[in-house]
Amino acid sequence: MHLKSLSRDSYASWGALALAVGLTAAACSSGGSDTVTLLTHDSFDISEATLEQFTAETGLTVEILRAGDAGRMLSQAILTKDNPLADVIFGVDNAFLSRALEAGITRPYEPSRLGQVIPAYRLDASNSFTPIDFGDVCLNYDKAALAELGVDPPETLTALLPVGQAADAVEELADSLVVEDPATSSPGLAFLLATIVVFGEGESGMSWQDYWRGLRDNGVLVVSGWEQAYSGNFSAASDGDRPLVVSYASSPVAEVIFASEPPTEAPTGIVEASCFRQVEFAGILTGSDSGSAAEKLLDFMLSKEFQEDIPLNMFVFPVVSDAAVPIEFQRHTVVVEDPLRLPPELIEENRDRWIQEWTEIVLR
Amino acid sequence: MDSRVDRDSPQVSSPGQNLKAWTWALTALPLVFLGYFFFYPLVSIVVTSLTREGNLDLTPFSDVLTSGSLLAVAWFTLWQAAASTVLTLVAALPVAYVLARYQFPGKRLLRALITIPFVLPTVVVGSAFLALFGSASPFGLNLTRTIWIILLAHLFYNFAVVVRTVGGLWSHIDPRMEEAARALGASRWQAFRDITLPLLRPALAAASSIVFLFTFTSFGVILILGELRFATLEVEIFRQTTAFLNFGVAAALAVLQLVGVTLILWAYSRYQERRSVSLSLKPEALVAKRPASGRARLMVAGVVVYVGLLLGTPLVLLIQRSLSVDGALGLDFYRALGESRRGSTAFISPLEAIGNSLWIAVVATIVALIVGISAATVIAMRQSRASRFFDVLLMLPLGTSAVTIGFGMLVALDWPVDLRSWTLLIPLGHALVAIPFVVRIAVPVLRSIRPELRQAAAVLGASPGRVWRELELPIAARAMAVSAGFAFAISLGEFGATSFIARPDTPTLPVAIFRFLGQPGAINFGQAMAMSTVLMAVTALVILAVDRFRVGELGEF
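So the protein sequences, as listed, match chains Y and X.
According to my numbering, the first sequence is numbered sequentially starting from 410.
According to my numbering, the second sequence is numbered sequentially starting from 2.
The set of hints was computed from the structure by calculation and includes no laboratory data.
Careful, some of the hints might be misleading.
Unchecked claim - What follows is a set of in silico ranges between Cβ atoms, one per label pair, in the way DEER data are often shown:
1. Glu580/Y <-> Gly303/X: 44 to 52 angstroms
2. Glu769/Y <-> Ala546/X: 28 to 36 angstroms
3. Trp76/X <-> Glu758/Y: 28 to 36 angstroms
4. Leu59/X <-> Glu557/Y: 29 to 37 angstroms
5. Ser613/Y <-> Ser136/X: 33 to 41 angstroms
6. Gln462/Y <-> Trp76/X: 52 to 60 angstroms
7. Ala546/X <-> Arg531/Y: 51 to 59 angstroms
8. Asn536/Y <-> Asp419/X: 57 to 65 angstroms
9. Arg230/X <-> Glu511/Y: 30 to 38 angstroms
10. Leu352/X <-> Glu511/Y: 38 to 46 angstroms
11. Ser70/X <-> Glu511/Y: 21 to 29 angstroms
12. Glu769/Y <-> Ser350/X: 42 to 50 angstroms
13. Leu57/X <-> Gly700/Y: 34 to 42 angstroms
In this text, a Cβ means the ideal position worked out from N, Cα and C, and glycines have one as well.
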């Protein structure tokens, strides 16, 4: 009798039992000593062969945790600061560097090859974050579409303003630009910062706010993310009708490499005067218990092998002076001589206010 | 063993005691599951976000409640969800009717087609919608910058919810009742309004509450098609969390959202109870007939064309893009799916993605069915304040911010053991969203079982377990298969919290689509479209398979 009613009730407890077993299994499976975990964003990529070389050299396997875009990744790192998800974080850029430093999510470490890093990218004196790569966010244009409109590629930001608001404004460029929301997109934020560097807060002449009012009046389209801007609205890469988009300096290279029939010349180009430099950093998460393993991974990320593998996987440039850049990059894009930059502290101090003002001007 | 023995030896285990233990077990399982994977993360993230220097700081609440723009966001969230729900009901009911009442070739296929939109990533659907209703619309219909493109997308996504939940019940309602009313002189409309509509009410209420909650927490559609002119609470929570790293305001908004959802669900649940009726359900074969009259044939053809245009057009556009290589037709993008160009770590083979998507969906479905049916049995058993409370509690995961729950999991689930990077957390997160579906679909069906039958069985000495197995299970099986289909689709479409947080490398189909869309170049875009087409095919096949599942004669549907 007892047995019978017991067996009936246990029908329902099966689930609970399974859950308990699962929990135990999970507890046993996590935390192997010969792995090092890397928390990164969805755009992270590197060759299998490169990581295998790291394993051969150190006996460590790299486990990759992808956490969405850079903003999502950083907020997760901050929320889990006391008990981090990983040992190393990669992908914090200069726009959020100060915030990450303030939150204290990483600890100082000097990788062995830090001396090889081009000094301009060493933005964190405390060495809590190590620069790994850099790239430029630039306006990209569709060569064929502009030729059809009968206009030359714009050389300045003011060319995109309504006629009458700037000496070199081009009438045909009305309704031609698509940008990303700086609140939800990292290239969107970089382009906003570019306009702030160029126009300033209205110390003399046109302010960045004036510039964006002009863009708004001239029909700028704002979308939430890069995917929609580029693969949804940019005329060179979609059914969209916008010949100008905020993307990366390396996008023309990708257009060549990922074409069905690789063309000799890229179908798109970049507006050099609009380029804002982004630097991406990595650091060892505080609270990570795999001390030397994490250090070895950080050392490896500055190695020649890793650095030279960066361009064709992530479409950004190495930060060490002795890494060679692949031929495709030399042919189809330029490393901008004098890109627009802002100190991370200044960005941190003003970022939220800038985004809010921008939102008021452009979206409301 | 004969169940009569139970009656003969009441001192060992009386039916009453047995029932109690049984009810207790069925109540405890969902409570433990939801408690650990939902409420515990939710409370943890809210408390963590509102704690400043060791003290609870409630100023974000007053910030939110006094901010005009945030209150406007709350108002928009509410009315667009209501509008989307009404629109979806009106647009989908005729289809539910025809699928319930008529038998015609290709019916199963049509039902599977209707479920496909449900699983597609919003980025992909968004790009199709912009091509169809943007400035270059082939219909000359530019809906960008209007609310209509959002409502239309919500309709596209939630069509299946109405067709399958309402159609599921409709196809078992005896048409002779309506015919009798017609014979007595009632008009078509009168017969529908006075006979069929009241019988359908539980399913209508279930479908509308699900559509409402889905659109109330709408995220991707708003972000992509709203061109940032529109924002729901969910979008605002996401912006506050990831753009401004303003966790306090995000938590306050999430609590506001939760309070709103709870109030709405409470009202709904009271309404639902008062209206529930017992039915005698009939097998579908007796209900659905071949369209005999010209009028009926026209209606069936009309519905097929209507669904084809409404849901089929965006899907065909995506498939066409996956096949269009430099302006010509070709399979290049599908071929490219299988090759890793540079042996990179981000490469996902299509078979691996399909495999991962499928096993994750199987686990999510099993968990959702076990937990959901347990809960539904308890809720349907009695009508008390406690069961109503339980009902509302179970629906909450559908109406709560997925961003908040995801981040809550990161803060909370490292205790007692660290589950945050556990692969099985992904299907468990999906199950969390699927459980309300299971409950919502199963409760009306279980309640419709005449209490006389249950009592009669008990009087005759059947134990509660046996009543359940022999009486309720076959009837519930119908509801289970419908909800299993949805649970599967929810998991294939990667709904819910786990898509917002860092996860171990278990790439699924949607993850693969995102990865391709993340890089410039025609091949990447083409591969994203090809992978989306694969996702559509997998979904259709699974739904076709689930639809064949049956238990007894009522189980067929």
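Structure-based check of each hint:
1. Glu580/Y <-> Gly303/X: 44 to 52 angstroms: Since glutamate 580/Y and glycine 303/X have Cβ atoms about 49 angstroms apart, the given range 44 to 52 angstroms holds.
2. Glu769/Y <-> Ala546/X: 28 to 36 angstroms: For glutamate 769/Y and alanine 546/X the Cβ distance comes to about 52 angstroms; the hint is violated.
3. Trp76/X <-> Glu758/Y: 28 to 36 angstroms: holds (34 angstroms)
4. Leu59/X <-> Glu557/Y: 29 to 37 angstroms: Given a distance of about 58 angstroms, which is not inside 29 to 37 angstroms, the answer is violated.
5. Ser613/Y <-> Ser136/X: 33 to 41 angstroms: Because 37 angstroms falls inside the window, the suggested range holds.
6. Gln462/Y <-> Trp76/X: 52 to 60 angstroms: About 57 angstroms separates the Cβ atoms of glutamine 462/Y and tryptophan 76/X, which means 52 to 60 angstroms holds.
7. Ala546/X <-> Arg531/Y: 51 to 59 angstroms: Given about 58 angstroms between the Cβ atoms, the range holds.
8. Asn536/Y <-> Asp419/X: 57 to 65 angstroms: violated (29 angstroms)
9. Arg230/X <-> Glu511/Y: 30 to 38 angstroms: holds (33 angstroms)
10. Leu352/X <-> Glu511/Y: 38 to 46 angstroms: About 45 angstroms separates the Cβ atoms of leucine 352/X and glutamate 511/Y, which means 38 to 46 angstroms holds.
11. Ser70/X <-> Glu511/Y: 21 to 29 angstroms: With Cβ atoms ~27 angstroms apart, the hint holds.
12. Glu769/Y <-> Ser350/X: 42 to 50 angstroms: holds (47 angstroms)
13. Leu57/X <-> Gly700/Y: 34 to 42 angstroms: Distance hint for leucine 57/X, glycine 700/Y holds at roughly 35 angstroms.
In this structure, the hints that do not hold are numbers 2, 4 and 8, in rising order.
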